[in-house]
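Those protein sequence lines, which keep their order, are chains W and P.
Under numbering that gives the first Met the number 0, think of the first position of the first sequence as 0, with each following residue one higher.
Under numbering that gives the first Met the number 0, think of the first position of the second sequence as 0, with each following residue one higher.
Worth flagging that the hints you see were computed from the coordinates, not collected in a lab.
Mixed in with the good hints, there may be bad ones.
Same chains, same label: a pair holds when it works inside one copy or across any pair of copies.
[Claimed, not checked] Below, simulated SDA-like cross-link-like pairs (lysine to any residue); rule was C-alpha separation at most 25 Å, straight line:
no., residue 1, residue 2
1, 192, 236
2, 192, 122
3, 197, 261
4, 192, 282
5, 112, 50
6, 45, 30
7, 192, 87
8, 125, 109
9, 192, 279
10, 112, 127
11, 41, 56
12, 204, 138
13, 67, 108
14, 207, 274
15, 125, 98
16, 192, 16
17, 204, 25
18, 49, 158
19, 41, 13
20, 204, 283
21, 45, 99
22, 207, 104
23, 41, 268
24, 204, 69
25, 125, 99
26, 108, 207
Number of protein chains: 2
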Amino acid sequence: MKKQKDSGSGWATDPSTLLRVGDDFVLADVDANASPGFNGGKASGKAELKTAADELSEKQERLFAASKVDATDAVLLVLQAMDTAGKGGIVRHVVGSVDPQGVGLTAFKAPTKAELAHDFLWRIRKAVPDPGMIGVFDRSHYEDVLIARVRGLADDTEIERRYGAILEFEQELVDRGIRIVKVMLHISGDEQKARLAKRLDRPDKHWKFNPGDIDERQHWPAYQEAYQSVFERTSGGAAPWHVVPANKKWYARVAVQRLLLNALTEIDPQWPPADFDVEEQKARLAAT
Amino acid sequence: MKKQKDSGSGWATDPSTLLRVGDDFVLADVDANASPGFNGGKASGKAELKTAADELSEKQERLFAASKVDATDAVLLVLQAMDTAGKGGIVRHVVGSVDPQGVGLTAFKAPTKAELAHDFLWRIRKAVPDPGMIGVFDRSHYEDVLIARVRGLADDTEIERRYGAILEFEQELVDRGIRIVKVMLHISGDEQKARLAKRLDRPDKHWKFNPGDIDERQHWPAYQEAYQSVFERTSGGAAPWHVVPANKKWYARVAVQRLLLNALTEIDPQWPPADFDVEEQKARLAAT
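For reference, chain W alone in the conformation it holds in the complex (with noise of 0.2 Å):
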């Protein structure tokens, strides 16, 4: 059990341990509703939020500063979720409190007949975020296993093939200083259906739902099993995945923020130092 060393932190148990899916993990075993390794509800979590947030803030400019000399580190949020998981929300109230110019961000949908054309990693690769950069995945190449094995989009031979793939490319990705935090945003079949409800009846919400979520629902059990698969073929590698009880949404943001937090601390990136006189430069400028 790690302690944190941050003031004020409301971690008891570092999530980075707990969420992680090792071996014997068992996804129908987890509570969605549980809030494990925190200490306190809502308003802690959101105070939380806000402290932490510094940190990350402060951590992402320093990975940004070192790219600028040499450093090649980089970070990747992979963000995999049945809808209304709160991928979005993640996306807005963790990611969003950082400086947006290092920040790159991908939603994948549905492919478009030029990537299907293409290796599934084609237009995955593309995106890969550059060295001093945190790479945002709003879903990921793992649809490609996911919706595809539930709705037999490739066949069993072709996802066994898949795994490999992302097994071998998640490797070259964390040999070349990307550090990967998978996360899966984990909510109970009845906690989806409370939400989807709330967007059926509010009007300012009615765009974020399409019919197309109540089919992907009627597949429930396939999509949990495609997820255990997918955990047990690809959590032993280069990068480890981490569940997160996502039924109280205060919980999924500040675990995945430490997440990150974890990921940079890792890094310990360093202000680079100059590479250039620096009293030649201040008498440059003082003669201008």
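Add chain P to chain W, keeping to what the hints say.
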């Protein structure tokens, strides 16, 4: 003089009219130190930035939502300035207050070899915001008539051609429903000197300094002339320029925030109506 309707706004006069470049505009007459139209100082400015951020955020979400049905409106914020004038601060503190999912930020650096092989608008066109988005250009096609003119990268005939091409290009965007907000952040030469000196004094700011900044600084009068020419040639078209006094960072931020808000208020985006039968979907959901 247009009165602001927003409760708590510190604006006595709308900066959209006050800072707009009209006929007979003379850049050299603008006081970079001033805070025209705003009641109060730094503390009021910071409070305004926070209050208006919520308004900006709500309108941005409506803009985004409306595009999911059939609206084609978008906003494009063009930021130009001398080094250290605070473009980064605008992106971080103004643009950074809205949902990253609704923002497309492009920083235009010195053109690459591939970009130079095309017309100057080629790389710009690729970054034009999609419907529903707020696009932000950190530097823009105006570099091609600013640094290109000052450094003699293009001859007078080509610069003339570019003014015309820019006017046509911007008209085309406006016709497609894109509101263009063109902003020059205006600092004084002394203020730039002080800001560069600060970057040299602080090791955590060294990465932001480039000896080339001092070379550019030595072309200050030529840049001011090039900007004056840009205003004369490209403010009368589809999208006027705004020159924002920027020696006071807090002022520049609330002013640009208000210009963005005004663009969104003009669009007046509405939550789109459902393109499905709400009751039918409620029944389907209840049955799951």
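* Is it within, between, both or neither when you check residue 204 against residue 138 at 25 Å Cα-Cα? -> Within. Shortest intra-copy distance 21 Å satisfies the 25 Å Cα cut-off; inter-copy 35 Å does not.
* Between residue 192 and residue 16, at a C-alpha cutoff of 25 Å, which is it: within one copy, between copies, both, or neither? -> neither (30 Å within a copy, 49 Å between copies)
* How do residue 192 and residue 122 come out at 25 Å by Cα distance, when the copy is not named: within, between, both, or neither? -> neither (32 Å within a copy, 44 Å between copies)
* Asked: How would you label the pair residue 45, residue 30 (within, between, both, or neither) given a Cα cut-off of 25 Å?
  -> Within. Shortest intra-copy distance 21 Å satisfies the 25 Å Cα cut-off; inter-copy 42 Å does not.
* To do: Could you figure out if residue 197 and residue 261 sit no more than 25 Å apart (CA to CA) within one copy, between two copies, both or neither?
  => neither (34 Å within a copy, 31 Å between copies)
* Asked: 25 Å Cα cut-off: does residue 204 pair with residue 283 within a copy, between copies, both or neither?
  -> between (57 Å within a copy, 18 Å between copies)
* Since the copies are identical, ignore which copy is meant and state whether residue 41 and residue 13 lie within 25 Å (CA to CA) inside a copy, between copies, both or neither. => For residue 41 and residue 13, the Cα distance is within 25 Å only inside one copy (18 Å; across copies 40 Å).
* **Intra/inter-copy verdict for residue 49 and residue 158 if alpha-carbon distance must be at most 25 Å** => neither (41 Å within a copy, 48 Å between copies)
* Up to 25 Å between alpha-carbons, please classify residue 192 paired with residue 282: within, between, both or neither. => The answer is between: 12 Å across copies meets 25 Å, while 67 Å in one copy does not.
* **Intra/inter-copy verdict for residue 207 and residue 104 if alpha-carbon distance must be at most 25 Å** => This pair counts as both: shortest intra-copy Cα distance 19 Å, inter-copy 24 Å.
* Using 25 Å as the alpha-carbon threshold, which applies to residue 125 and residue 99: within, between, both, or neither? -> Both ways: residue 125 and residue 99 sit 19 Å apart in one copy and 19 Å across, limit 25 Å.
* Intra- versus inter-subunit Cα pairing at 25 Å for residue 125 with residue 98 -> For residue 125 and residue 98, both the intra-copy (22 Å) and inter-copy (23 Å) Cα distances are at most 25 Å.
Hint check: violations occur at hints 1, 2, 3, 5, 16, 17, 18, 23; the rest are consistent with the structure.
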